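2 protein chains.
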Amino acid sequence: MSTSLKATPRERLLRAAADLFYREGITATGVERLCRAAGVSKRSMYQLFETKDELVTESLALAGTDALTDYFPGEATGMAPREQIMYVFERLEAMAGDPAFRGCPFVGTATELKDPAHPAALVARAHKQELTDFFARQAALGGADDPETLADQLTVVFDGLAARAVVRGTGVGKLAVTTASVVLEAGGLRAG
Amino acid sequence: MSTSLKATPRERLLRAAADLFYREGITATGVERLCRAAGVSKRSMYQLFETKDELVTESLALAGTDALTDYFPGEATGMAPREQIMYVFERLEAMAGDPAFRGCPFVGTATELKDPAHPAALVARAHKQELTDFFARQAALGGADDPETLADQLTVVFDGLAARAVVRGTGVGKLAVTTASVVLEAGGLRAG
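Chains A and B supply the protein sequences, listed in that same order.
Reminder that position 33 of the first sequence reads as 33 in this note's numbering, one-by-one numbering, no gaps.
Reminder that position 133 of the second sequence reads as 1133 in this note's numbering, one-by-one numbering, no gaps.
Derived by calculation from the structure, the hints in this document are not laboratory data.
Remember, it's a predicted structure, so these values are computed and weren't measured experimentally.
Ideal Cβ placement from N, Cα and C applies to all residues, glycine included.
A couple of the hints might just be wrong.
To be verified - Residues on chain A that point at chain B, a partial pick, calculated with CB under 8 Å: (1) R10; (2) E24; (3) A110; (4) R125; (5) A126; (6) E130; (7) D159; (8) V166; (9) G169; (10) T179.
Stated by the list, open to error - Partial list, computed: chain B residues near chain A (C-beta under 7 Å): (11) L1020; (12) A1080; (13) Q1084; (14) E1090; (15) E1112; (16) E1148; (17) A1163; (18) G1169; (19) V1177.
The shape of chain A in the complex, shown without the other chains (with noise of 0.2 Å):
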C-alpha cells in the first residue's frame, strides 16, 4: 500500500483512507487528518467524494481486493485442493502474528460501523464471501461431503482467529492450522 508519487489525489486518498481506517479506526480518523497523510486539500477530498462514507466504502472496495490477494495462492500453482485451503490458514498465521495485524478488515468494518445495511458493510460482506466461494470451490474440488457448509465452517475458523489474534494481540500460532485441519477432516477432505 505505498503511495507512488505518480498516483492522482483520488488514489492517494483511497490508500490513506484504507490505512488509516485499519490502523486507527474509521470514526477516529478525522477528515483533517486523512487529507494530511494524503497530502490533498479537503476542498479537493470533497470535490472527488461527496461524503467520508463514500470514502470509507470505496477504500475497503480498493483495499479489500488487496488484502485478500495476500491470502490467496497464485494461479496455476499446482496445488491440491487441501493445500490451496491450508495455505490461507498459513498466510494468516504468519500474518496474524504481525504487530500491525488489525484483523480482518472487513469484521473490522462491519464490527465497527454498527449499521448491516451501510454501504461499507455491503462491500465487507461481499469481500467476505469471496473468501467463502474460494474455500467452497476447492472444497468441491477435493471431494468435500457437503462443499457450501465446509465453506461456511471455514470461514467461521478464519474470523474467529483473526478475532482471537486481535483480543490478545498476539499471533495465533499453530491453532490456525490445526483447527483447520480438523474442520477439513471432518468435511471429508483428508491429509494425504
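Once you've looked at the hints, dock chain B against the given chain A.
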C-alpha cells in the same frame, strides 16, 4: 440492562455507556450523548470518571460480566460437560438471530480500539478468557484428549460465528451447533 430509577449517576453512566458503545460504537458516542442518555451532567460525569477511556473500561468490565452470564448454563443444572458446552452455542444461535446483535462486546471493543494495551482491551481479553476457561473446564470433565487446545478451538468457533453474524447482518442458524460439534467430536467429546 434497564436503568432503575434508584440507580446512582455512576451506575446510570456505566449502563448507558455499555449500551451506546455496543449499539453505536465507542468513538461514535460522544460525551454529550452519553450524559444525555444517562441523565447526568457533564460536570458530574467528570467528577465520577476522569476520562472517557476510564468509562469505556469500567463499563465493559460491568457489562461483560452480564454478557457472559447470558451464555453460561446456570450452576447445578445436571448437564453433562458436552451439553454445557453446546448450551453456549445454542445461546449464541439465539442471540445472533436478534437484529440488535452486534457481535461479541469484547471482540468489538478490541477491534475498535486497535491498541492491544488499552485498559479496555485488557478487560476484553480477561473476559474472553473466562469463556475459554469455561470450555477448558468442561472439556477436562468430559475427558477431552487436550482440554486446553479444544477450549481454544471452541473460542475460535464462537468468535468466528459472532463475526459472521455481524458481517452478514443475519443469524448463524445451525452453523453454530454443527461447527461446534465437529470440533468437540475431533477433540474427544462425542455426543452421548
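Which hints, by number, does the structure contradict? Per hint list: 1, 5, 6, 11, 12, 13, 14, 16, 19 violated.
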